[in-house]
Amino acid sequence: MVGSPPHAVDLAALIAATMLPFASFLAILVATRGRPRLSAGLSIGSVTIALVCSIALLALNFQLAAPIQFSTRLIASSGLNIPFGFLLDPLNLLMIVVVSTICFLVQVYSLGYMAGDPGFSRYYAFMSLFTWAMMSLSLSASLLQLYFFWELVGLSSYLLIGFWYEKFSATQAGKKAFVMTRAGDVAFFIGFLLLFIHTGDLSIVHLNSRAALAGISPSFLTLSALLIFGGIVGKSAQFPLLTWLPDAMEGPTPVSALLHSATMVAAGVYLFARLFPFFSMSPVAMSVFLAIGTISMLLASTMALVSRDIKRVWAYSTISQLGFMIMALGAGGYFAGVFHLTTHAGFKALLFLCSGVFIHRYETNDIYELSRLGARRMLVPMVSMVLGAAALSGLPPLSGYFSKEAIMGSLSVLPDPVWLAAGLVGVFLTAYYSFRLIFILLLPGESEAPAGAPAAPAHESDESGHKFQDRVMALPLIILSAVTVILGFFATPLKHFLGASLTARGLAGTEASSWPHMAALALAVAGVSLAWIEFGRKGAKQVGFVDRIPSLYRLFSERWYIDRFYGLLVNVVVDRGISRLCYQNDKKVIDGSIDGICEGTVESGRVVAFLQTGMVQYRLLAMFAVLVLLALYFYY
Amino acid sequence: MQMEPASFPFLSAILLSCVVGMLTIMLIPEEKHRLIKQVSVVFSGICLLLTLYVFFAFNRKLGGLQFVEHVSWIPSLGISYFNAVDGFSLPNILLTGIVFFTGVLTMWELNTRVKEYFALYFLMVAGVFGLFMSMDLFFIFVWYDVSLFPMYLLIAVWGTTRKEYGAMKLTLYLLAGSALILPAIILLWAKSGLDTFSFVSLMHPGLFTPEVQKFAFLLLFLGFGILAAVWPLHTWSPDGHVAAPHGVSMVHAGVLMKIGAFGILRVAIMLCPLGWIYWAKFMAVLAVIGIVYGAFVGLMQTDLKYVIGYSSVSHMGVVCLGLSTVTVAGLNGAVFQMFAHGIMTALFFSSVGYIYDRTHTKMIPELGGLSRIMPVASGFFIMAALAGMGLPGLANFWGELVVFLAALKVYPLFGVIAVLGLVVTALFMLRVVQKAFYGPANPRFAGLQDVSLWLGTPRIILAAVLLIVGLCPSLLFNVIRTASVPFMNGLLR
Amino acid sequence: MIVPFSNVLVVAGILFALGVFCTVARRNLIMIVLGIEIMLNAASIVFVGAALHLDSLDGQTFVLFILAVAATEVSVGLAIIVYAFRRTGSFDPANFNLLR
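Chains as they are written, first to last, in my numbering: chain A, 1 to 636; chain B, 1 to 493; chain C, 1 to 100.
Calculated from the structure, these hints are not laboratory results.
Treat the hints with care, as some may be off.
Label-pair ranges, simulated between beta-carbon atoms [what the hints assert, rightly or not]:
| no. | chain 1 | residue 1 | chain 2 | residue 2 | range |
| --- | --- | --- | --- | --- | --- |
| 1 | A | Met615 | C | Val74 | 19 to 27 Å |
| 2 | B | Thr112 | A | Thr48 | 51 to 59 Å |
| 3 | B | Thr161 | A | Leu611 | 31 to 39 Å |
| 4 | B | Thr161 | A | Val52 | 54 to 62 Å |
| 5 | A | Gln63 | B | Lys61 | 43 to 51 Å |
| 6 | C | Val74 | A | Glu603 | 37 to 45 Å |
| 7 | C | His53 | B | Ile74 | 51 to 59 Å |
Calculated lysine-lysine pairs in the DSSO-like style (CA-CA distance at most 30 Å, straight line) [stated by the list, open to error]:
| no. | chain 1 | residue 1 | chain 2 | residue 2 |
| --- | --- | --- | --- | --- |
| 8 | B | Lys115 | B | Lys32 |
| 9 | B | Lys163 | B | Lys37 |
| 10 | B | Lys281 | B | Lys409 |
| 11 | B | Lys191 | B | Lys214 |
| 12 | B | Lys435 | A | Lys167 |
| 13 | B | Lys435 | A | Lys587 |
| 14 | B | Lys435 | A | Lys588 |
| 15 | B | Lys281 | A | Lys587 |
| 16 | B | Lys214 | B | Lys281 |
| 17 | A | Lys167 | A | Lys467 |
| 18 | B | Lys281 | A | Lys588 |
| 19 | A | Lys588 | B | Lys163 |
| 20 | A | Lys587 | B | Lys163 |
Yeah, the Cβ is synthetic: ideal placement off N, Cα and C, and Gly gets one too.
The task is simple: from the sequences and hints, build the whole structure.
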């Protein structure tokens, strides 16, 4: 086993950071369901401690040389020795800080957003469940343990998407999310079981060492890498399993911010980074990942061009940004991918939380409607949103600029320029659709609401509570904006921190030339300007270039017909095809033949029963006749 | 095989508490419902405590047969009253104890023919306990039938949907099963030439020729396979589940189906290992078809209990797949899955029972929005559904994990197909949850009460067991491997 | 013995045939019981005749037994018939075929 001896402080912090949210989940479900304030207090208290522990761990281990592993063997069934415990290395130290920060901010924000909801306690219970699962996922020492929490994260996603379970679309979306990610997870499951069968160990440290895989044929390695990647595709909503994520926006907005943009969907990318040395041993698999990342990135960006729903635009952009991360990792840019994950978590959570403020106030998701109602008058969210969008587009000096730059750098070292070109197109589209949204919101078209109309008629009654809600919701926005502004400047120390463990194994990315950065910046500016021309300048018709081509518009807004395809698959092939066939077989063939045998028995009994008239006299007659005949027979 | 004689006949005490409970109930006047139920709870509680004691007192280091009780009964035929537990039967005995106790609590609100119901129920459970602990082939057969015949009455009298059909179908199927088992047992008895039904004496490798083993194994596999709902002999089980009253459904799906799988393991596999190896692939094919097929048919169902019934077919396929791998891991996983599935279906039926008693329907389209009206009762059902999907943290995950691991090792293709069945299972479980429990609340059920603490006790117990075993699987694995490892080692030698 | 044994057999045979006819052909439960009694009597006659013919008292002992059995049989049979008549109001054996 690799690693230095465990430090008691570390272990205590780890246990506190993971087990407290679980305890609060149980406590809320069992004891405090009827007391919303106490539930929220428990949940936020536990996540605060988790945050403090994570930061402490990061600070304590900033000069970490080799991964630390604390583990016990949980199941010691013969043939199945699986370590269960914690692994500490730069990657997951970074990850737990990101996760606990966003969890903390979102839970605070939810105090305002979810105020007065009948399921307030339930909401915080699920949030705690998610925090527990996500923190444990990040700290898992073995693939099996990671899978364990991977599924639990999926469960909390299901529960939170369908949180407003009286709404049909919400439950439908939750189900879709669970089943689609499950489809990916099954591949992951098979993949790691195959690995286990061939290597006998699922410890992440072990899998990442070259020695462990020495005896395995390259084709098998590629196969298991691809299978495990299936789980990533499902969780991070990559092509072809990408359509669940936009639907998942049916959940409460803080949930979208936490699970479906910043942390849970990033778990896929995290897994990629986690097993990066393992994956990079199979060049074929790596190029497949690169291709899938690129396809998802481009598809999702085109979908975002035409959406009118503010949350869906950000959802598509999440898919495409995750695509960027996977491209970066697939291209070998370990740092670029992880760094983009970090910055993206910050600015995407920010964008969602801002949208949440608008949605909470105006109760609509439509960007034109929001604009008409005067969303631009809300100063803090609007400024934060512009900041977030600018970071998303990759404008300096915001965090997104630095991480995109790193990605372009890693793409540019690839021999084939196609990937870089695709990446640049992606940068352009990203800038265009994010500023399309911003300009629509900022500059309402001709039909503006009367200027003197009250901003929020629905919330007038409870002025003090309202103010509290606004403040509670504004605080995370300000913090996240600050993070978005400054995080980019920490690129170098982070790179050093993350790279420490990797350079040791000779996997650090090579330095690239600078022209791709310039091109990316130029294209981002071009995207923003195109958006300005079409949506922003005075007298603009607010019609994008895609809207002018109806067939393209249809293709994009129907999400490239991927959803139709799945609908058809489930309805026709599964429901009306195999399922009905099996059911009919059960009823007609198996039951039919069994019932046939029974009926046959009954029928033949009935035939024989005709001989039985029930008349005692006939029987006597027959008896006598037989006796007489017997007598005659014996006599002669 | 290592044998540890019992200091006190705990196993007989378990049996006796069922029988004495039955007799006591029969002595209570018909109309004293409350007293009958209290007596039932007391006796089933004693039973549960005894099984818990046996489970925790079982020496996991020593393994082998423990708590052995041996009394010769008919020496001329070699029949003896021979009870013992080993690593395979111990989880099943614990399962029976838990399901028995919670089944009594689930039927707390029964009002018709209370006395007869509980008397027959105790008799049925006595048969099940007897079968799990008996080490004598003759007694195994007797207990098998003892547990079957009360089942017919319980379903036909207290059942609900198409109860006569369901009861008759179940009885005929299972009698057909015993018609296959009996000749096989007699064949083994005759061919051994030892004049004994004792399991320990018959379990010598090389006692039977390969031909005898192959033939006997097939008979036993099909005979017990009917009870384990092996495809295509499964159609009695959904019909039976649906027709039975809830407490009986719990025992039926939770424990009786395990008898089938346990019979395959104890009698067919352990006595005819060569036959097992010969037919293993055949078993695997049936098991994989069962897993996928059960899930697909489950998609089409509109009755809550039918959904659970078909999910049982699918899950028992997992057990059978584990048994078919001829590996230690496969056996471990199969026995674990038996336990997990038993607890899970008991939780399912217990929740459905509660809901049905209130809403008087179990048709999914007529329910809807129950989460708003009875959040706790719905929560238990949803938890069982999550367990059925193999969610980590609940018991079923470990059973499936280990079985699939073994299957992927031995039959990669079947393993992959079976794992893909998980997606379909997830789809149909979530569909049921969505249609029955989510959505706008149905005004028809607006005034209904959510579950109280006392009426919720059986579900709390079952859910707690699912969670505890799910978080600490070694609790069971440590027991099971005391039987599976020596058995497979003996086989390989 | 004055009367030859064969004559006794013939009388008994005729009596038995009458009994059979009565039992089989009459649609009345009482007549059926009567027919059975007649057949029993025919058998008794043969026993008496045979006892004389073979010089053995065994046959006459049997007749005593038969008389006792016949008496009980008639009483039980009649009781059943009376009960059946009360239940259904009919003596027709065609009405009593529930066991078919």
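Holds or violated: Lys435 (chain B) to Lys167 (chain A), with C-alpha atoms at most 30 Å apart: Roughly 12 Å between the alpha carbons, so the hint for Lys435 (chain B) and Lys167 (chain A) holds.
Within a Cα-Cα threshold of 30 Å, do Lys115 (chain B) and Lys32 (chain B) meet the stated pairing? Since the Cα atoms of Lys115 (chain B) and Lys32 (chain B) sit roughly 9 Å apart, the hinted pair holds (cutoff 30 Å).
Within 37 to 45 Å or not, the Cβ separation of Val74 (chain C) and Glu603 (chain A)? Holds: the Cβ-Cβ distance is about 42 Å, inside 37 to 45 Å.
Straight-line Cα separation of Lys163 (chain B) and Lys37 (chain B) no greater than 30 Å? holds (24 Å)
CB-CB spacing for Thr48 (chain A) and Thr112 (chain B) relative to the 51 to 59 Å hint: holds (56 Å)
Holds or violated: 31 to 39 Å for the Cβ distance of Thr161 (chain B) and Leu611 (chain A)? holds (37 Å)
Is the hinted range of 19 to 27 Å satisfied by the C-beta distance from Met615 (chain A) to Val74 (chain C)? holds (22 Å)
Whether the CB-CB distance between His53 (chain C) and Ile74 (chain B) falls inside 51 to 59 Å: holds (56 Å)
Given a hint of 43 to 51 Å, does the C-beta separation of Gln63 (chain A) and Lys61 (chain B) actually sit inside it? holds (45 Å)
Given the hint that Lys281 (chain B) pairs with Lys409 (chain B), does the C-alpha gap stay at or below 30 Å? holds (13 Å)
Tell me if the straight-line CA distance from Lys167 (chain A) to Lys467 (chain A) falls inside 30 Å. Holds, at roughly 29 Å.
Lys588 (chain A) and Lys163 (chain B) were given as a pair; does the straight-line alpha-carbon distance stay at or below 30 Å? holds (20 Å)
Going through the hint list in order, the structure satisfies each hint without exception.
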